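Full structure from sequences and hints, please.
If you want the building blocks of each chain, they are given just below.
Number of protein chains: 2
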Amino acid sequence: MKVSQTFIPTLREVPADAVIASHRLMFRAGLLRKLANGLFAYLPLGLRSFRKVETIIREEMDRIGSLEMKPTVVLPGELWKESGRWDAYGDALMRIKNRLGADFVISPTAEEAFTAIVRDELSSYRQLPLSLYQINTKYRDEIRPRYGVMRGREFVMKDAYSFHANDESLDKGYQDMGRAYRRIFKRCGLTVISVRADSGAMGGSGSEEFMVESEIGDNTLLLCKSCDYAANVEKAECKLDYSPRLSIEAAKAAAASTPAIEGIDTPNVKTIEELCGFLKTDAKTFIKTLIYRAVNVELDLTGAPGCDALKRQSAGASAAKGGVEFYPEAFFAVLIRGDLDVNEVKLAAFLKAAEVSLASEADVTRLSGAPVGFAGPVGLKNLPVIADFTASAINDGVTGALAKDRHYKHVAYGRDFDPWKTADIRTVKAGDRCPHCGGELYEKKGNELGHIFKLGFKYSKAMNVSYLDEEGKSHFPSMGCYGIGVDRAMASVIEEHHDDDGIIWPITVAPYQVIIVPIKYNGIVKETADKLSDDLEKAGIEVLLDDRDERPGVKFKDADLIGVPYRVVIGDKNLAGETPKVEIKRRTEKESRLFELGNAAQELAGMIRKELSELNE
Amino acid sequence: MKVSQTFIPTLREVPADAVIASHRLMFRAGLLRKLANGLFAYLPLGLRSFRKVETIIREEMDRIGSLEMKPTVVLPGELWKESGRWDAYGDALMRIKNRLGADFVISPTAEEAFTAIVRDELSSYRQLPLSLYQINTKYRDEIRPRYGVMRGREFVMKDAYSFHANDESLDKGYQDMGRAYRRIFKRCGLTVISVRADSGAMGGSGSEEFMVESEIGDNTLLLCKSCDYAANVEKAECKLDYSPRLSIEAAKAAAASTPAIEGIDTPNVKTIEELCGFLKTDAKTFIKTLIYRAVNVELDLTGAPGCDALKRQSAGASAAKGGVEFYPEAFFAVLIRGDLDVNEVKLAAFLKAAEVSLASEADVTRLSGAPVGFAGPVGLKNLPVIADFTASAINDGVTGALAKDRHYKHVAYGRDFDPWKTADIRTVKAGDRCPHCGGELYEKKGNELGHIFKLGFKYSKAMNVSYLDEEGKSHFPSMGCYGIGVDRAMASVIEEHHDDDGIIWPITVAPYQVIIVPIKYNGIVKETADKLSDDLEKAGIEVLLDDRDERPGVKFKDADLIGVPYRVVIGDKNLAGETPKVEIKRRTEKESRLFELGNAAQELAGMIRKELSELNE
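Chains as they are written, first to last, in the working numbering: chain S, 82 to 698; chain W, 82 to 698.
Misleading hints may appear alongside valid ones.
Far from chain W by the CB rule (all over 12 Å, computed), these chain S residues [what the hints assert, rightly or not]:
#: 1; residue: L156
#: 2; residue: A183
#: 3; residue: N217
#: 4; residue: E223
#: 5; residue: D252
#: 6; residue: S288
#: 7; residue: E296
#: 8; residue: C305
#: 9; residue: N313
#: 10; residue: K365
#: 11; residue: G387
#: 12; residue: T446
#: 13; residue: V453
#: 14; residue: D615
Taking lysine-lysine and the DSSO-like style, the derived pairs with C-alpha atoms no more than 27 Å apart in a straight line are [said to hold, decoys possible]:
#: 15; chain 1: W; residue 1: K115; chain 2: S; residue 2: K162
#: 16; chain 1: S; residue 1: K151; chain 2: W; residue 2: K554
#: 17; chain 1: W; residue 1: K638; chain 2: S; residue 2: K115
I should point out that these hints are in silico values taken from the structure, not numbers from a laboratory.
For clarity, every value in this text was computed on a predicted model and none was experimentally measured.
Using N, Cα and C, we set each Cβ at its ideal position, and we do this for glycine too.
Here it is, written out as structure tokens:
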């Protein structure tokens with residue numbers, strides 16, 4: 082392909098909002114243009130790499146026997162109501178109404194669509210396992226789309242769904258998928274961090290996230306310096322640096338020698354730090370108490386303090402049929418040791434809530450009877466108290482006294498208050514100890530490229546999918562779901578493979594494998610360039626020929642920017658000798674080498690095939 | 082691929098709403114399932130054929146140098162407001178609002194997106210011509226989706242847009258595209274009727290529709306028995322069977338001997354037929370007068386009767402900048418000879434209106450001063466009158482008298498009334514004469530598969546796209562746009578290639594090229610089947626191996642239903658002889674032939690390659 086016949090509008094300037102390398106380079110190299118916030122058009126050069134990533138994913142899915150399908154991008158709202166996600170999914174779900182008043186969504190994932198199709202066709206265990214996938218457009222109504230296609234509103238995702246008759250089969254499907262994902266990332270030249278949250282048990286609810294390190298990653302990862310432990314901060318655990326007291330009896334016993342609880346005035350003392358100074362104590366003795374508002378809480382609150390008046394709603398099928406029942410809104414007091422932070426994802430998971438956030442000032446005052454800063458568990462009657470395990474270890478602590486400028490000291494867990502529930506809701510951070518080996522944990526920022534997940538029976542029950550076993554007995558199939566973001570994978574390749582001059586494409590996903598740069602596109606140089614291009618194309622190599630009437634410096638700069646793995650420079654001088662030569666340079670290397678023109682096509686094709694097979698093997 | 086390892090849920094029953102062969106067969110053969118009205122999921126087998134159609138289109142686009150891109154499916158409403166189509170496009174445009182209140186559309190076509198991208202990158206004539214395309218998801222909020230994917234809500238379209246510096250270049254781009262389309266349809270095995278509406282002049286506003294004949298076609302085509310004239314009824318013209326009088330003077334002269342106009346009572350006479358009986362005259366002497374309501378009329382109505390109070394609105398850029406100004410609503414009296422029908426598409430085109438429809442009874446009464454059935458042009462003051470040319474030839478006619486049970490006779494065009502405009506708004510029908518050769522026209526129903534269209538400057542002006550010519554002068558580029566529906570093309574292949582037993586895929590778009598049916602999948606038969614399958618796959622042939630434990634009859638029926646072009650039957654008896662044989666049958670033929678097993682793979686591969694190259698050449 083001649084540069085003059087394609088459309089590669091390279092830029093010297095960088096869009097103001099492009100703060101990460103892939104965003105900058107995708108614009109500068111003419112791969113991408115913006116249509117609106119979070120909506121991007123792939124230009125011809127960008128689409129070539131995009132399709133290669135897609136093809137690698139497709140090949141690896143096909144290799145493990147997953148079958149490609151194509152449901153629609155716009156999906157009927159009815160299916161989402163059946164599963165309960167019409168209500169349970171947050172505002173990022175793009176819900177639309179057509180002109181006849183029917184509800185639709187623009188698919189952010191497609192559990193419902195695949196489950197509905199399988200439901201209608203599945204009758205016998207003989208049809209299982211079944212693994213289906215699509216590579217198709219997805220949409221999420223992101224509030225703040227950022228970083229180019231790394232977090233866009235519209236994107237392409239490979240999403241796969243598998244259906245199984247037993248745990249062994251689900252486990253095999255899940256393992257196969259994990260292996261396919263590792264191959265996909267390797268073939269794309271991506272280094273991924275595997276973050277497992279397996280229960281260990283077969284069947285169960287295992288999951289594995291495939292992350293790439295990124296300074297702007299959505300995810301904070303905790304990694305162990307001593308072993309291969311890696312966890313998302315959302316779920317990370319750590320070795321305990323205290324002795325939790327899980328029974329009230331144990332807590333009471335530990336409080337035997339604690340002085341009696343004592344109210345104190347603490348005027349003008351606001352932060353935990355100030356309070357520690359005032360009381361000459363340590364934040365670790367403080368029982369921090371935070372009031373949280375939670376939305377769509379599925380946890381059963383029957384009998385919880387202050388929750389008598391709450392009513393459960395149901396979405397989709399009733400709970401008995403695998404559907405979802407939830408409290409639209411509920412408030413909780415959350416206790417944690419004063420030097421630690423509450424992990425809101427863990428809290429939401431514990432409450433089975435769609436969302437948790439700190440309660441408003443007005444709600445705090447209403448519920449705790451005091452301004453923000455003086456909440457505490459002692460005497461708190463109208464809220465369920467959730468204590469992190471760290472709070473349960475405090476037998477002589479300080480906490481708010483539910484009144485302005487008042488605290489309690491000598492507070493003992495179990496003696497002076499008895500929380501409704503205890504749980505692990507602590508945010509693990511760098512310096513904490515590895516839960517596996519006790520080694521020191523450190524942090525990395527990461528972006529999720531892929532996720533494999535054992536869904537279990539969530540959708541098959543909610544949507545009433547069944548099959549008959551050998552004895553004619555009806556069962557729900559268990560399911561797995563598995564996703565890879567194509568755009569994000571492509572952008573991550575650029576994040577990992579670039580330098581100050583531009584992109585450095587791995588050969589497998591390069592838009593072209595060779596760029597031929599004639600010093601001046603005329604005479605013998607033109608003839609040589611044309612012939613070399615033809616010869617390479619005949620050998621199956623993808624060639625870009627820079628036939629523009631530009632200075633060599635401009636062409637070299639563009640070649641580096643768009644990152645084609647091999648550059649061939651053809652000039653009069655090297656052609657003039659007894660054995661005409663051309664200059665070949667790899668994008669990864671500084672120096673070029675001279676090759677005899679007669680062998681150049683063959684040698685170059687050989688190098689490229691070798692590099693391809695190394696990455697693809 | 083073994084049948085047991087894929088997912089081909091064939092059906093014996095046909096969905097109740099499947100009235101055409103492709104819809105029925107796509108369901109029965111397990112190619113497609115319904116997610117909701119107008120939303121269909123392609124199952125693995127269907128997707129294979131779908132991708133082949135897509136690939137043929139891609140190859141032919143690439144061959145003519147069109148460059149593939151990928152804008153988003155969800156497009157910013159702002160761009161549609163710039164072009165004016167946000168308002169001008171009908172209700173089939175799926176307009177959505179995101180959670181921040183911003184407007185979007187789900188793309189039904191993408192003129193705006195491509196024009197916006199080119200606008201930002203185009204500076205010099207040297208960059209032109211530029212031809213860009215996408216193969217991507219589209220959405221139309223159809224009120225009545227029907228006939229499976231033939232008229233679904235979501236579909237995939239190849240849409241291309243070209244940009245040119247002069248008429249010759251636009252003409253070449255348009256001709257290239259036409260040739261590419263003819264090759265695409267030929268390669269898919271489709272017989273298309275080309276319906277041209279070229280202005281003939283280079284540049285201009287040519288268009289060509291590629292139709293397939295279909296009993297349920299959206300389009301009525303008029304074809305000439307004597308020459309190759311073919312036209313959509315929406316635009317069809319015919320040789321005139323009367324002498325139109327375009328000047329009022331000519332009309333007055335022709336009315337010289339016409340008796341004076343005379344009012345008559347016509348009690349209980351309602352239809353033109355009844356009136357003809359009552360007056361003992363012919364419908365051809367009747368001036369039928371219909372009151373139409375038109376929406377978003379761009380035709381300038383300054384000075385038209387009854388239009389003084391109408392206000393023009395503008396959409397997008399102002400008219401001076403290529404934008405659109407229109408009257409949101411206007412009414413017209415339309416005259417036509419009594420034996421003919423008004424062609425509403427021609428009328429809308431003449432008025433440059435988004436939509437025309439017969440006025441409501443209330444509006445007719447209000448505007449004509451009489452109940453429906455008594456409108457007429459004589460004395461009609463408060464409406465612009467548009468006369469079809471046929472009405473202009475009537476110099477002694479009958480028409481309504483703007484009062485209940487009253488008509489006029491001896492009405493002469495030009496003498497008794499003078500319409501605001503005359504135009505060709507007649508519906509041409511079978512039996513009319515060809516405008517080219519005078520031959521007899523006949524009708525066919527057709528579905529549009531593709532359309533190529535010279536847009537001219539509509540979008541480049543409205544969206545202010547410009548480039549500098551060699552002298553540094555700024556110009557708008559002219560544009561063409563070109564579409565093919567992928568789903569509809571695939572369904573049309575089935576419409577054209579099927580019999581009572583199922584689909585008969587052309588080799589180029591068959592999901593598999595060979596199906597191997599072992600009479601019983603075990604022992605020597607299984608070994609032979611496996612080996613033949615391997616050998617064929619090694620030769621690059623796509624093979625489906627029916628390894629199910631079903632009776633041969635069931636397997637044969639399914640093989641016929643899914644329509645694989647070559648069937649190989651392997652059975653004990655034929656393998657037992659001295660030279661083992663297998664039975665090969667083409668889906669198009671009744672009889673099978675015996676082939677020596679030793680040569681079967683090679684011969685079959687040869688036949689398939691020959692067939693492929695014949696269609697693809």
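Now the hints, each set against the structure:
| no. | hint | in the structure |
| --- | --- | --- |
| 1 | L156 | 7 Å, violated |
| 2 | A183 | 8 Å, violated |
| 3 | N217 | 8 Å, violated |
| 4 | E223 | 9 Å, violated |
| 5 | D252 | 19 Å, holds |
| 6 | S288 | 25 Å, holds |
| 7 | E296 | 27 Å, holds |
| 8 | C305 | 39 Å, holds |
| 9 | N313 | 26 Å, holds |
| 10 | K365 | 42 Å, holds |
| 11 | G387 | 32 Å, holds |
| 12 | T446 | 30 Å, holds |
| 13 | V453 | 29 Å, holds |
| 14 | D615 | 17 Å, holds |
| 15 | K115(W) / K162(S) | 18 Å, holds |
| 16 | K151(S) / K554(W) | 48 Å, violated |
| 17 | K638(W) / K115(S) | 52 Å, violated |
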